[in-house]
Amino acid sequence: MFKYLAIILSKSSVSYCAYENTPFDNKTDDLISLPHLKNAVTFALKNNLKVNFLFPEYDLPLEYNALIDEVEHIKIVPLQLYATYQDSILVIQPKNLLQNADIKGLKDGNVILRVSKQHLPQLHTCISMLAPKCTRINLVLTDIEKYRDEDLDEYASQLAQISLYIQDSLSGNKIPELNFLTDRMFLAQMNNCNAGLSHLSVAPNGKLYLCPAFYYHNEDSTLGEIKNDVEIKNKQLLELKYAPICRICDTYQCRRCVFLNKKLTSEINTPSYQQCRLSHIEREASRLMSIALKESKNFTRQIETIPEIDYLDPFEIAQKHKIEISAFKLINYANTKNENEIGGESN
Amino acid sequence: MAENNQVKIDRTNSWEEGKTKNVTFIVTEDCQLQCKYCYLVGKNNLNKMDFLIAKQAIDYLLENDDFSKETSVVLDFIGGEPLLEIELIDKICDYFKIQAYEKNHPCFNSYRFSFTTNGLLYSSDKVQHYIEKNLTHLSIQITIDGTKTKHNLQRVYPNGRGSYDNVVKNIPLWIKQFPHSATKVTISRDDLPYIKESVLHLWKLGVKDVNINVVFEDVWKPGDEVMFEDQLVSLADEIIAQKYYEDFSCSFFSKMIGHPYKENMNWCGAGKMMAIDFQGNFYPCNRFVDFSLQHRKELMIGNFADGIDKNRLRPFLTLDMVTQSKPECIDCQAATGCAWCQGANYDFADTDTIFQRATYICALHKARVRANNYFWNKLSKKLNKELRTDF
Chain V
2 MFKYLAIILS KSSVSYCAYE NTPFDNKTDD LISLPHLKNA VTFALKNNLK VNFLFPEYDL
62 PLEYNALIDE VEHIKIVPLQ LYATYQDSIL VIQPKNLLQN ADIKGLKDGN VILRVSKQHL
122 PQLHTCISML APKCTRINLV LTDIEKYRDE DLDEYASQLA QISLYIQDSL SGNKIPELNF
182 LTDRMFLAQM NNCNAGLSHL SVAPNGKLYL CPAFYYHNED STLGEIKNDV EIKNKQLLEL
242 KYAPICRICD TYQCRRCVFL NKKLTSEINT PSYQQCRLSH IEREASRLMS IALKESKNFT
302 RQIETIPEID YLDPFEIAQK HKIEISAFKL INYANTKNEN EIGGESN
Chain X
23 MAENNQVKID RTNSWEEGKT KNVTFIVTED CQLQCKYCYL VGKNNLNKMD FLIAKQAIDY
83 LLENDDFSKE TSVVLDFIGG EPLLEIELID KICDYFKIQA YEKNHPCFNS YRFSFTTNGL
143 LYSSDKVQHY IEKNLTHLSI QITIDGTKTK HNLQRVYPNG RGSYDNVVKN IPLWIKQFPH
203 SATKVTISRD DLPYIKESVL HLWKLGVKDV NINVVFEDVW KPGDEVMFED QLVSLADEII
263 AQKYYEDFSC SFFSKMIGHP YKENMNWCGA GKMMAIDFQG NFYPCNRFVD FSLQHRKELM
323 IGNFADGIDK NRLRPFLTLD MVTQSKPECI DCQAATGCAW CQGANYDFAD TDTIFQRATY
383 ICALHKARVR ANNYFWNKLS KKLNKELRTD F
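Chain order of the listed sequences is V and X. In terms of our numbering, the first sequence opens at residue 2 and continues consecutively. In terms of our numbering, the second sequence opens at residue 23 and continues consecutively.
Pulled out of the complex, with its shape left as it was, chain V reads as follows:
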């Protein structure tokens, strides 16, 4: 059941995930057309969808802002616009921070930090700059296909430093939410991106996509025009139970990005080895941090126990131990029943 709709207001709208937007060329060709925007907003209103609007770097025409305000939404904007939209989610890149971008006014921020492999060694520095000013930081590693063993080691090292920084600056129960480090401590089940299951995206061409990354990677990968009964062929392959590696995994904070799955392994239900290893490095850092926090007298929030494991890639486990047929049926039929019940309620 869809809950959210991402609307990409222009081709050069800020990227908030592991894809690159189209560089700004000219405004005429860049923006979504007003009829397309109205169609998308109407679709959201009719289907009880909350909207995430992805903004470009420039000011929108007045009539666009008026349409945007018709629907419940969150603005996702580049750092350059944070003074204009202070209640928005900011997208930041290390080069912005490290080049002395003005973030003095940032307070209780909710930011997305997009880090390329090149800037991985500055991750700890970036987090230490942002953490005092933010309630939540979502980290996006933008080019994981380039990661080799030494980069994975670097990521583990950065997480260890960030963990120590968080522990050292601990004040009572208050810690900044870091998707890659703290989320796992409070999760008891998968909390994946769920593109195509809980949300869809509308691109500047007015068409629907599983997520913005599919649009930017290949415009032809569209789900079609906006319509009430969106057809997603082989939709079951987006679900956790149809992902042989992920359904046995407990890196609950993993995005399980179906775009990166498709790009790197050819299959939307199969994660790359880079994805699995990065998520397990995060899991291990979370596990060690959770132990430290439990030992801290000042931190009294309930934390999930994260078991110690001896692997970084559940592929090896999935390959050897296929899920039992009976277990699959149990998951399958239980979920089918739940979906029917949800459908009944909405009718």
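Quick caveat, the hints were computed from the structure, so don't treat them as lab data. Owing to the predicted nature of the structure, the values given are computational and were not obtained by experimental measurement. Watch out, some of these pointers could steer you wrong.
Under the rule of at most 25 angstroms between Cα atoms (straight-line distance), these lysine-lysine pairs were calculated in the PhoX-like manner [what the hints assert, rightly or not]: (1) V:234 to X:319; (2) V:96 to V:12; (3) V:234 to X:348; (4) V:321 to X:43; (5) X:294 to V:321; (6) X:119 to V:147; (7) X:277 to X:404.
Pair ranges (Cβ atoms, derived) [claimed, not checked]: (8) X:93 to V:206: 48 to 58 angstroms; (9) V:219 to X:241: 50 to 60 angstroms; (10) V:312 to X:287: 14 to 24 angstroms; (11) X:395 to V:249: 50 to 60 angstroms; (12) V:249 to X:260: 47 to 57 angstroms; (13) X:201 to V:320: 30 to 40 angstroms; (14) V:100 to X:124: 41 to 51 angstroms; (15) X:195 to V:149: 50 to 60 angstroms.
To spell it out: a stretch of chain V is covered by chain X in this simulated footprint if at least three of its residues, at any positions, have a beta carbon under 8 angstroms from a beta carbon of chain X; those stretches are [said to hold, decoys possible]: (16) 53-66; (17) 70-80; (18) 261-271.
Heads up, the beta-carbon is just placed ideally off N, CA and C, and yes, glycines get one too.
Guided by the hints, dock chain X onto chain V, whose structure is given.
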């Protein structure tokens, strides 16, 4: 009274079955025939493997960690028609043997060269020279489809002429050299009336083991399963009446088929094997090469220069039955033995995925199961012994 071990109708003869690494060399995409049911939709006389490419592929296999622990290797030569390139194959095999010996590779003591051929060139001097040289390490399967009528319905030259006469003349020599070899028969829609006579004909020719299957493509119409079942029941009667079960096998009849699933295994070995095309690109099997695909792009998993892309291989190695099957297939009471081809699944899927099982053969499989039940129940009664006690 016949003992259970005298019933050989469902025997299999694969060399080191389940213990080998199969590597397929697609030495040519050309063939003398244009068989009507052939899945190779893009055959051509342009794409042929160069020896230099083959050498580099052999070097990769013998030097790479992925293969260093393989103790049994099958080098499978296919096409198109592999015997068109017998001189190249001879050089490849020589190079493999020398390199495996010099590198002290464990597979030097346990390897096979394997062929599936249309048999047209089988008795030629070049092919016979190769066979003589490698006889103790060879498996050759000539495809002959049954009676002349059945064979010539499908296995034709580009001008439409049937190839039966040119194949059958080579069968005695083949059986003499490989007395335990099997043939592989493919059944498409037009072939249904000729199944029984074809199996019996092949046995009469001396081909004792007949591996036979229906095509996976979307060619079947409602009612086909009735004729299919009638043919198999009639064949079952003949097998029992003439006691052919004591000497011959036909893969349509098996104790293993027609039961609910107990295990969540993939049917197909794509990804556990590997195919190499004329450019040295690697594929999960030859069904993922572009000249095998009607609707989808080729699906590569690497090449000899860069090695295997482990990310591209991951989906194949985690494929299981439940993830790619519809609920009615998972729950099917006649499920076991219902085959699928991963390449055909990929080609026919609604999206470009290997996780959608094509089920065009559903009605035919159920018909086969009924005929198979008929056979085993009738034979058990005749022999006064329950032959399927394991199920």
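Verdict for residue 395 of chain X, residue 249 of chain V (Cβ pair) under range 50 to 60 angstroms: 37 angstroms, violated
Is the distance from the Cβ of residue 201 of chain X to the Cβ of residue 320 of chain V consistent with 30 to 40 angstroms? Given about 39 angstroms between the Cβ atoms, the range holds.
Is the Cα-Cα distance between residue 294 of chain X and residue 321 of chain V 25 angstroms or less? 13 angstroms, holds
Taking only the CA atoms, is the gap from residue 96 of chain V to residue 12 of chain V under or equal to 25 angstroms? Satisfied, since the Cα-Cα distance of roughly 22 angstroms is no more than 25 angstroms.
Could you see if the CB distance from residue 219 of chain V to residue 241 of chain X stays within 50 to 60 angstroms? 32 angstroms, violated
Does the structure keep residue 277 of chain X and residue 404 of chain X at a Cα separation of 25 angstroms or less? 16 angstroms, holds
Given the hint of 47 to 57 angstroms, check if residue 249 of chain V and residue 260 of chain X actually sit that far apart at their C-beta atoms. Holds, at about 49 angstroms.
Hint check for residue 124 of chain X and residue 100 of chain V - Cβ pair distance inside 41 to 51 angstroms: 58 angstroms, violated
Are at least 3 residues of the segment 53-66 of chain V within less than 8 angstroms of chain X when you compare beta carbons? Answer violated; 0 residues pass the 8 angstroms Cβ test.
Given the proposed pairing of residue 234 of chain V with residue 348 of chain X, does the C-alpha separation stay at or below 25 angstroms? OK: residue 234 of chain V and residue 348 of chain X at ~14 angstroms, within 25 angstroms.
For the pair supplied as a hint, residue 234 of chain V and residue 319 of chain X, confirm whether the alpha-carbon distance does not exceed 25 angstroms. Holds - the C-alpha atoms of residue 319 of chain X and residue 234 of chain V are around 18 angstroms apart, at most 25 angstroms.
Next pair to validate is residue 321 of chain V with residue 43 of chain X; report whether the Cα-Cα distance is within 25 angstroms. With a Cα-Cα distance of about 18 angstroms, the restraint between residue 321 of chain V and residue 43 of chain X holds, given a limit of 25 angstroms.
When held up to the earlier numbered hints, the structure conflicts with 6, 9, 11, 14, 16 and 17 and fits the remainder.
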